[in-house]
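J.: Given next are the chains, with one letter for each unit.
There are 4 protein chains.
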Amino acid sequence: MSGNTFGKLFTVTTFGESHGEALGAIVDGCPPGVALEASDLQHDLDRRRPGTSRHTTQRREPDQVRILSGVFEGVTTGTPIGLLIENTDQRSKDYSKIKDQFRPAHADYTYHHKYGIRDYRGGGRSSARETAMRVAAGAIARKFLASQGIRVRGYMSQLGPIDIAFKQWEAVDTNPFFCPDPDKLPELEAFMDQLRRDQDSVGARITVVADGVPVGLGEPVFDRLDADLAHALMSINAVKGVEIGDGFASVAQRGSEHRDEMTPQGFLSNHAGGVLGGISSGQPLIAHLALKPTSSITQPGRSIDVHGEAVEVVTKGRHDPCVGIRATPIAEAMMALTLMDHYLRHRAQNADVEVSTPRLG
Amino acid sequence: MSGNTFGKLFTVTTFGESHGEALGAIVDGCPPGVALEASDLQHDLDRRRPGTSRHTTQRREPDQVRILSGVFEGVTTGTPIGLLIENTDQRSKDYSKIKDQFRPAHADYTYHHKYGIRDYRGGGRSSARETAMRVAAGAIARKFLASQGIRVRGYMSQLGPIDIAFKQWEAVDTNPFFCPDPDKLPELEAFMDQLRRDQDSVGARITVVADGVPVGLGEPVFDRLDADLAHALMSINAVKGVEIGDGFASVAQRGSEHRDEMTPQGFLSNHAGGVLGGISSGQPLIAHLALKPTSSITQPGRSIDVHGEAVEVVTKGRHDPCVGIRATPIAEAMMALTLMDHYLRHRAQNADVEVSTPRLG
Amino acid sequence: MSGNTFGKLFTVTTFGESHGEALGAIVDGCPPGVALEASDLQHDLDRRRPGTSRHTTQRREPDQVRILSGVFEGVTTGTPIGLLIENTDQRSKDYSKIKDQFRPAHADYTYHHKYGIRDYRGGGRSSARETAMRVAAGAIARKFLASQGIRVRGYMSQLGPIDIAFKQWEAVDTNPFFCPDPDKLPELEAFMDQLRRDQDSVGARITVVADGVPVGLGEPVFDRLDADLAHALMSINAVKGVEIGDGFASVAQRGSEHRDEMTPQGFLSNHAGGVLGGISSGQPLIAHLALKPTSSITQPGRSIDVHGEAVEVVTKGRHDPCVGIRATPIAEAMMALTLMDHYLRHRAQNADVEVSTPRLG
Amino acid sequence: MSGNTFGKLFTVTTFGESHGEALGAIVDGCPPGVALEASDLQHDLDRRRPGTSRHTTQRREPDQVRILSGVFEGVTTGTPIGLLIENTDQRSKDYSKIKDQFRPAHADYTYHHKYGIRDYRGGGRSSARETAMRVAAGAIARKFLASQGIRVRGYMSQLGPIDIAFKQWEAVDTNPFFCPDPDKLPELEAFMDQLRRDQDSVGARITVVADGVPVGLGEPVFDRLDADLAHALMSINAVKGVEIGDGFASVAQRGSEHRDEMTPQGFLSNHAGGVLGGISSGQPLIAHLALKPTSSITQPGRSIDVHGEAVEVVTKGRHDPCVGIRATPIAEAMMALTLMDHYLRHRAQNADVEVSTPRLG
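Chains as they are written, first to last, in this note's numbering: chain L, 3 to 363; chain W, 3 to 363; chain C, 3 to 363; chain D, 3 to 363.
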């Protein structure tokens with residue numbers, strides 16, 4: 003409850019700094035009997051891993067994860083699962099210059115004032131490197147959810163000013179952008195190449211969708227599924243906005259347009275994004291998130307140092323020009339963790355509920 | 003932890019159905035010594051109360067709150083504060099017709115499947131009536147925060163298709179829309195009058211701002227201030243989107259534009275909305291939320307009943323044509339509760355921290 | 003999480019001071035579909051109620067409980083259950099004299115220093131009156147547990163120096179001591195009568211037993227069933243010790259004696275008290291608790307006042323000469339709440355577990 | 003919240019099985035600025051370590067702990083502290099014979115039924131080996147508490163039938179029993195030598211004391227300091243009873259004897275054990291715990307196997323004949339963790355409280 007734990011029944015607690023010895027997590031509450039091995043986690047970690055294209059940071063981390071407990075003879079035992087990734091590529095020298103400076107739009111200033119001390123190497127705890135552990139933990143949730151017919155997938159729906167319409171799931175994992183429209187790739191690549199030449203960065207919008215979600219996940223009134231999902235997604239580094247279903251477009255809609263009518267054959271639309279009254283409706287669960295442009299750019303920026311003096315900061319290092327590019331697996335992980343937690347919570351209270359009313363197709 | 007509690011150190015647990023006997027809340031963790039009386043809560047409750055203009059539901063609830071514990075001789079004692087509002091205007095007959103039907107875009111369908119049983123009178127627990135308790139609890143947080151120099155205020159920034167630019171705080175409480183621009187009122191009123199004639203409803207966008215927030219509130223990595231705020235705001239009925247600072251506009255921004263540079267005199271901009279790395283920066287904390295159009299409209303809608311048969315639903319009752327109109331006090335309350343909780347959490351861990359570095363003005 | 007909530011999935015949050023307006027509780031997480039009415043709670047409340055014999059305080063509180071939410075048409079809906087007992091017999095004048103004094107062995111001194119302010123009327127929040135709400139909430143848990151074949155019962159096993167051997171459950175509710183041996187009653191009554199003449203008080207030992215507990219309740223490693231039960235029972239006013247099974251007698255036992263051997267027909271003994279490795283074994287769950295003598299006695303005691311000056315305190319009021327006498331329903335309630343919470347927690351994680359191994363009879 | 007996390011603000015989450023790859027913990031919520039290095043933890047780990055005398059198990063584990071995060075340049079940063087101990091002495095062959103058998107008085111039977119699967123090597127998660135991580139985490143708490151003038155110490159107060167009166171703290175760490183009376187050592191050693199010849203085991207009673215505890219730690223009503231301490235101590239493997247202060251002896255005491263009178267010079271006694279109304283009084287905090295005899299003895303015992311068939315179990319392996327002997331550092335750790343958590347919780351709510359009333363010396 004000190005901020006580094008996610009979930010209430012299926013809990014993920016993480017530790018680790020960008021340039022510390024290791025990253026780790028404890029996943030507690032996993033049902034027993036789930037077939038699990040490190041390669042299940044590695045698959046998603048590799049999707050998030052930097053250095054796989056020229057459009058992401060060239061920092062090279064193998065991100066090799068070990069499962070230290072909670073799995074016996076290939077299946078989960080119900081006891082906590084310890085995960086560990088040793089840090090191997092820690093070039094601390096890159097960061098020593100800015101030890102006493104606060105990089106603009108970074109957590110340097112706020113961590114310094116909150117704690118009085120901070121690990122300034124690569125952002126320390128505030129680095130997006132921490133999300134590796136979310137992806138690893140999320141892979142465990144995804145493995146269980148898959149056994150219940152629930153699948154979580156995401157894609158990039160906007161890169162800077164470029165809108166990306168959804169075309170096909172098959173395309174998403176075939177390019178470094180998680181772009182669902184292969185025809186858009188040349189435009190995205192050209193944009194990114196120009197961005198690097200401009201020594202600048204840009205934001206992105208990611209869409210995540212869960213199919214196969216049963217009716218009934220989510221709790222009234224504070225722990226609604228959409229509220230917990232908003233928490234989960236907004237907790238990802240650089241995220242500045244979250245939408246469920248039609249999101250902000252709902253503001254200008256009329257009730258007669260927005261309401262998803264039902265027939266015995268199913269819902270006629272999904273403006274709600276799969277949640278009614280905070281509880282899953284059985285329709286696809288849809289969320290969008292906005293990521294701000296990377297704060298670390300090589301253009302000089304005005305800032306102050308720990309003495310309150312004006313300084314000019316130039317962030318060298320190796321940084322993603324668009325943190326959103328690698329955010330898709332992270333967003334998927336956070337949606338999976340949210341669903342997993344609510345799956346267990348729902349079962350705790352409502353395992354006995356039987357309803358004769360048919361569920362919509 | 004079963005969904006009806008908000009917060010970790012300053013906790014609010016609520017109960018009550020729209021047409022049940024009473025609504026109540028327990029506010030736990032309030033510091034002792036805060037001057038508090040029922041009228042402090044009543045003020046905010048009256049701002050949220052329905053029936054104060056022709057643009058909101060005509061249901062009349064005095065919403066008279068009682069403080070049952072935790073306050074002694076006019077100040078809080080540190081023990082839990084029990085709050086109670088007895089329901090007085092329960093016209094159950096209005097709702098009996100739809101007992102076996104699922105109103106489109108309501109929680110009827112999802113509650114039915116989750117619990118197997120539901121209090122169908124006025125939406126039961128899923129009714130926005132529950133938010134009265136949030137407002138009452140929020141008023142306690144606001145009282146404490148005010149003593150620390152923190153002020154939370156909100157306004158309507160969009161009604162359906164009509165954008166509303168911020169003009170002045172003074173205007174907000176002088177009209178039923180919480181509109182900060184008096185010149186916009188005729189347009190808003192005309193729009194709403196036409197909407198009622200159309201028997202339709204519309205969404206709204208609300209902006210909430212906290213001034214005087216100290217540097218340092220928020221926890222890494224999951225319980226970031228912005229993540230918890232997103233949770234808080236998305237947990238309000240009908241909310242479909244939450245933005246911090248520039249929100250979705252950040253997607254198309256470049257890093258050189260978005261990053262808020264610092265000088266010894268202060269930040270040069272506030273695209274971040276007062277949060278860096280999940281921790282408050284001392285700048286105004288800014289959030290926007292999107293509310294969908296009211297689902298209850300008198301136009302007939304297609305739906306199904308508990309037997310899975312097709313039905314046509316007409317929602318009579320007395321409903322807000324725009325739930326967003328009364329949402330401003332609720333959003334303020336949720337931001338206040340979020341800040342209050344993080345204020346205490348921060349103090350728990352970091353009460354000893356002293357930093358010689360000057361804080362930005 | 004500020005101290006007034008019990009449980010993780012089946013949560014009970016209480017409020018109220020001894021001489022405040024009302025006592026209340028919110029019970030969250032109750033499964034839907036449990037038949038419940040106020041009289042179910044009243045039965046246990048009446049067993050705890052003071053003033054039913056000459057051996058307990060003569061303060062008269064009808065302790066009439068109202069269910070304000072969460073129950074619809076006679077069954078629980080899965081939403082939070084609001085409970086309320088209005089205080090009616092508040093003789094504040096009895097307590098005004100000791101406003102600035104700290105009664106020895108009371109919470110006066112500690113509350114004063116913790117909060118800087120305290121409701122001095124009748125002990126305020128520290129009064130055992132708060133336990134009425136635990137009993138009411140416990141009755142809900144007991145109703146559900148009974149439907150699963152789990153029954154929680156308790157009895158007095160020692161009054162001051164008088165040991166009470168267990169004889170029969172039938173006797174327990176037929177006397178004001180919750181004594182399971184009718185032949186002991188004359189001795190107990192004579193002892194209590196002498197105690198009153200001595201203007202003194204005495205401690206008691208209570209034993210609580212749950213039958214029908216399934217194998218598997220309890221979580222490793224901190225939230226063991228016995229650890230959570232110890233927490234639950236030690237949280238009752240005046241409790242100074244908790245034992246599971248053989249408790250402190252285990253210290254002098256040898257392993258060959260203590261270990262409960264198993265045969266296909268069942269366990270051969272129950273020294274463990276129904277818990278192995280923190281998880282219920284299916285044997286009766288057995289706990290003992292020690293209650294200290296009532297602190298409020300009419301013999302003068304040395305103490306200090308808020309100015310640090312020596313004072314002589316005489317506690318008049320109306321007090322139980324043995325708080326343990328009315329503690330049996332409270333201990334039963336706390337064991338029931340503990341089991342209820344773990345029942346739901348177990349189900350969340352392990353609902354799918356199937357074991358072909360037979361369970362011991 | 004799935005059972006492997008202790009605390010609410012200062013949280014310890016552990017993972018690891020007796021014969022798995024490693025043990026680990028995440029300590030979250032530690033205030034920043036605490037000087038900390040691995041040797042601080044190692045000191046307490048070495049006190050708990052097996053194989054240091056002939057009276058404990060001969061299993062040899064160096065128990066070398068690594069700090070993987072949360073400490074920078076020798077001080078804590080306020081971010082989570084990752085701890086790791088790699089398992090090195092895993093003789094799995096010792097355990098393979100009892101794979102399908104349930105050892106009497108072990109968690110084999112209950113884990114099997116709860117999870118359907120269990121790591122049978124050395125007890126897996128139910129092994130007391132897990133407590134190494136508690137000791138390591140407790141050392142962090144003790145370091146912080148020491149800076150606030152709070153010291154936690156423990157000793158063995160009974161070994162089997164042999165009572166041990168407290169003599170001097172200096173003696174405790176000079177013998178393998180944590181015995182505070184050097185004159186008792188020959189008797190203890192002779193008793194243990196005979197016990198080994200008898201191929202049997204025995205229980206123990208441990209006493210833990212905290213000095214320097216400020217007034218005010220603990221929350222009403224469920225999270226009392228004593229209730230949380232009971233939870234903490236009962237969660238240690240093999241513990242069957244917990245007492246605060248006079249504990250079960252209070253039952254036979256009279257109020258005039260038990261109540262701790264106060265004078266301006268201080269309390270006149272400490273029957274309460276340092277807690278009044280669940281809140282620390284400033285007196286020494288005193289608790290006693292009862293540990294059952296080790297279940298693993300080489301005498302054959304009757305049991306069943308996973309098919310429900312009768313078997314005779316002989317536990318070979320290397321086991322402590324009295325688990326209580328090594329329990330003192332564990333009990334100290336759990337008391338320290340409890341105090342640490344409440345220290346932060348108290349500060350969160352009551353940091354502003356100022357009382358002119360003098361505190362007792």
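It is worth saying that the hints were derived from the structure and are not from the lab. Bear in mind the structure is a predicted one, so any value in this text is a computation, not a measurement. One should not assume that every hint holds.
Said to hold, decoys possible - Estimated spans, in silico, between C-beta atoms of each pair:
hint	chain 1	residue 1	chain 2	residue 2	range
1	W	D200	L	L187	43 to 51 Å
2	C	A353	L	S41	24 to 32 Å
3	D	D48	C	A251	28 to 36 Å
What the hints assert, rightly or not - Stretch by stretch, here's where chain D covers chain W in the computed footprint (C-beta under 8 Å, at least three residues):
hint	stretch
4	26-40
5	330-339
Glycine residues also receive a C-beta, built at the ideal position from the N, C-alpha and C atoms.
J.: Each hint needs a verdict: does it hold in this structure or not?
T.: Hint-by-hint comparison with the structure:
At about 45 Å, the CB distance of D200/W to L187/L agrees with the hint of 43 to 51 Å. One distance hint, 24 to 32 Å for the beta-carbon pair A353/C and S41/L, holds here, with the actual separation near 28 Å. Range check, D48/D to A251/C: about 32 Å between beta-carbon atoms, so the 28 to 36 Å window is met. Check result for the stretch 26-40 of chain W against chain D: holds, 5 residues qualifying (beta carbon to beta carbon below 8 Å, three or more required).
For the stretch 330-339 of chain W, the proposed coverage by chain D is not satisfied: 0 residues have a C-beta within less than 8 Å of a C-beta in that chain, short of the threshold of three.
Figure legend: structure checked against the earlier numbered hints; the only hint not met is number 5.
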